[in-house]
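Participant: Those protein sequences? They're chains R and U, same order as listed.
So the first sequence is numbered by the working numbering: it starts at 1 and just counts up by one.
So the second sequence is numbered by the working numbering: it starts at 382 and just counts up by one.
Accuracy of the hints is not assured; some may be wrong.
Partial list, derived from the structure: chain U residues whose beta carbon lies under 8 angstroms from chain R [said to hold, decoys possible]:
| id | residue |
| --- | --- |
| 1 | P454 |
| 2 | T490 |
| 3 | P491 |
Here are some chain R residues the structure puts well away from chain U; computed CB gaps all over 12 angstroms [said to hold, decoys possible]:
| id | residue |
| --- | --- |
| 4 | V58 |
| 5 | S75 |
| 6 | S180 |
| 7 | R229 |
Hints in this document: simulated from the structure, not taken from any laboratory.
We put the CB at the ideal spot given by N, CA and C, even for glycine.
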Amino acid sequence: MRQVFIAGAGMHPFGKHPPHVTFEKMGATAVSKALADAGALPRDCEALYVGHVFGGPVAGQRIAARVGLSGIPISNHENYCASSATALREAWIAVGAGLYDVVVVAGIEKMSDRIKGGVRPDPDDLDAALGFIFAAGHALSARRYMHDHGATREQIAAVVVKNHAHSVYNPYAQHQTEVSLDQVLNARPIADPLGLLDCSPISDGAAAVVVASATGLRKLKIRSAPELRTCALVSGTYQRGDVDVNIEDISHRAGVMAYEGAGLGPDDIDFVEMHDCFSIAEIVRLEGLGFLPRGQGARLTAEGYTSIGGPRPVNPSGGLLSRGHPVGATGAAQVCELYWQLRGRAGGRQIDGARTGLAYCKGGSVTGTDGASVTAVVMVA
Amino acid sequence: MSATPATESFRPDVFRAHPPALFGSACTACGKVAFPPRSACPDCGAGEDLQATRELSAKGTVYSFTEVHQAPPGLPVPFLLSYVTLDSDNIRLIARLEGFEPPGPVIGTPVRLAAAFIDGEDVSQLKFAFRPQ
Numbered sequence: 001m002r003q004v005f006i007a008g009a010g011m012h013p014f015g016k017h018p019p020h021v022t023f024e025k026m027g028a029t030a031v032s033k034a035l036a037d038a039g040a041l042p043r044d045c046e047a048l049y050v051g052h053v054f055g056g057p058v059a060g061q062r063i064a065a066r067v068g069l070s071g072i073p074i075s076n077h078e079n080y081c082a083s084s085a086t087a088l089r090e091a092w093i094a095v096g097a098g099l100y101d102v103v104v105v106a107g108i109e110k111m112s113d114r115i116k117g118g119v120r121p122d123p124d125d126l127d128a129a130l131g132f133i134f135a136a137g138h139a140l141s142a143r144r145y146m147h148d149h150g151a152t153r154e155q156i157a158a159v160v161v162k163n164h165a166h167s168v169y170n171p172y173a174q175h176q177t178e179v180s181l182d183q184v185l186n187a188r189p190i191a192d193p194l195g196l197l198d199c200s201p202i203s204d205g206a207a208a209v210v211v212a213s214a215t216g217l218r219k220l221k222i223r224s225a226p227e228l229r230t231c232a233l234v235s236g237t238y239q240r241g242d243v244d245v246n247i248e249d250i251s252h253r254a255g256v257m258a259y260e261g262a263g264l265g266p267d268d269i270d271f272v273e274m275h276d277c278f279s280i281a282e283i284v285r286l287e288g289l290g291f292l293p294r295g296q297g298a299r300l301t302a303e304g305y306t307s308i309g310g311p312r313p314v315n316p317s318g319g320l321l322s323r324g325h326p327v328g329a330t331g332a333a334q335v336c337e338l339y340w341q342l343r344g345r346a347g348g349r350q351i352d353g354a355r356t357g358l359a360y361c362k363g364g365s366v367t368g369t370d371g372a373s374v375t376a377v378v379m380v381a
Numbered sequence: 382m383s384a385t386p387a388t389e390s391f392r393p394d395v396f397r398a399h400p401p402a403l404f405g406s407a408c409t410a411c412g413k414v415a416f417p418p419r420s421a422c423p424d425c426g427a428g429e430d431l432q433a434t435r436e437l438s439a440k441g442t443v444y445s446f447t448e449v450h451q452a453p454p455g456l457p458v459p460f461l462l463s464y465v466t467l468d469s470d471n472i473r474l475i476a477r478l479e480g481f482e483p484p485g486p487v488i489g490t491p492v493r494l495a496a497a498f499i500d501g502e503d504v505s506q507l508k509f510a511f512r513p514q
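Construct the entire structure; sequences and hints are all you get.
Facilitator: Right, dumping it as C-alpha cells:
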C-alpha cells in the first residue's frame, strides 16, 4: 500500500433543514467545500465514493451532476451508520493500491422529511419484527451496564453534558448549546433509562473529504497533509447466551485491526471521534477499543477524563449527540473533525498538540450478533 | 407439529404459536445450538445439510429490559422489550415482555414463552413474548 493522505475537508452544517435544502444540495455543498479546501478542481478528481442510507438510488451521481464530477467512476455505499466511513475505506484501498491519486469521499443524509420516531433495522430482521429500535437496544445495554458495574444514571448522562459542552465551539453542529445534568435526567423518556437527550437527534447534513496519494498532493501543490494511516472494517459475529452484551467484541476486533494497520496502540491515540449515537454507546465502545478500562468508562467520563482538557478527549466535535447524526454522513463528518484537529484548525474546540486521532463508527444490527459494521479510522498529523 | 395452521405465527420457521415454541438450529457436527436458525453453524461452519431444527427451552430469565416510550409509526407504545437468556442451549434473544404489573420486571426475573398479539390493533399475526413464570 502507498501512503494515503487527507488533502481537504468540507461540511454542510448538520441540523433539521427545510425541504428546499435537499439531499443533493447538501452533498454538493460539502463536496465543493472539500475541493476548495484542497485547492482541487473537479477535473483533478478521478473517482467519487458516496455513503448514505436513506438517499435513494444513484445518490452520488445526483450530487456529482451538480458539482462537475460527472463521467468519473461513482459508487454508492450502504453500511447503515458506518456508510461513509465504509466509502472512505474503499477510497483508501484504491488510492493506496495505486489506482487513483485524487478522489473524493462524501457522506450525505436527509432524515427530517423521511424518518419519524427513530431508526431501526430492516423490517425483515427478526428483532425489528418484535419492536426492536436502536434506542431500545442501547437502553438494554445501559441497564445491564449499571447492574454489572455499579455505574449510575448520572455518570452515563455525563456523556451528554460533555459532548454538548464541546459542540458549543463547532459551527457545523446541530446543537451548539450546553445542557445541564438535570436537563438530561429530566428529559422525556424514550427507552428507560435513556431519555431524549441520551439519543442522537434526527438530522440532515453532509460531509466530504479529498483523499490523495503523495503524487496527488504534489498535483494539488499541497506540501504536507495528515496521513490516513488505516481504515479498519469488521462485521458482527454470533453471540452466545453467556456473553456479556457490553463486552463489545466487535469494537475490540475493529480496534485490533486499526492498531495493527496503523502501527500504533490505544495509548498512542491523542483523541477519539466516537459513535455516541446514544450516551451509553460512547462508554462501552471506548472500553471495547481499549481506550478506557472495562466497567470504568462511565465513572471516568463523569470525572472529566474524556473532556477537552482531560487526559483522553473524546468527541471534541460534540459527537453524534450534539453535532447531530445524519446517519450516512456521520463517518465523513468524523474524518473532517480529525483533519481539522490535526491541522490545528478546530477553533475553540482545538485539542492542544493533537497528533493522532481515531474515528469509530458502528452501523446497524443483525439478530443474534453483536452488530453489523464497525469502522475504525486512524489519522496521523 | 400442532394441527393449528402455521400461518398464525408471524414466522413459522422460528416460532410455533400453539403450543408456543421457539426453534433454533442444532449443528449435528459440533452440537452447538443457534437462534434464529442458521444455514451454517456460526461455531464450526458446518453447512445447511448438517443443521437440524431444535425446539428451544420455553423458560428463561430476564437479562435486561427497557420500557419503550417512543417508536416509529405502527408500533404502539409503551411496551417492554428485553433480553431473555434461555435456561438451556446457551441462547439469549430479544423479546417482548407481557403480563407484568407495576413495578415491572427486574434483572433475573424468571419468564416463560407465550404467544401474543404485540402489534396493537393488528391481530393478524401471533408473535412471541415472555410472561412471568
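Participant: Check the structure against each numbered hint from earlier and tell me which ones fail, lowest number first.
Facilitator: 2 and 3
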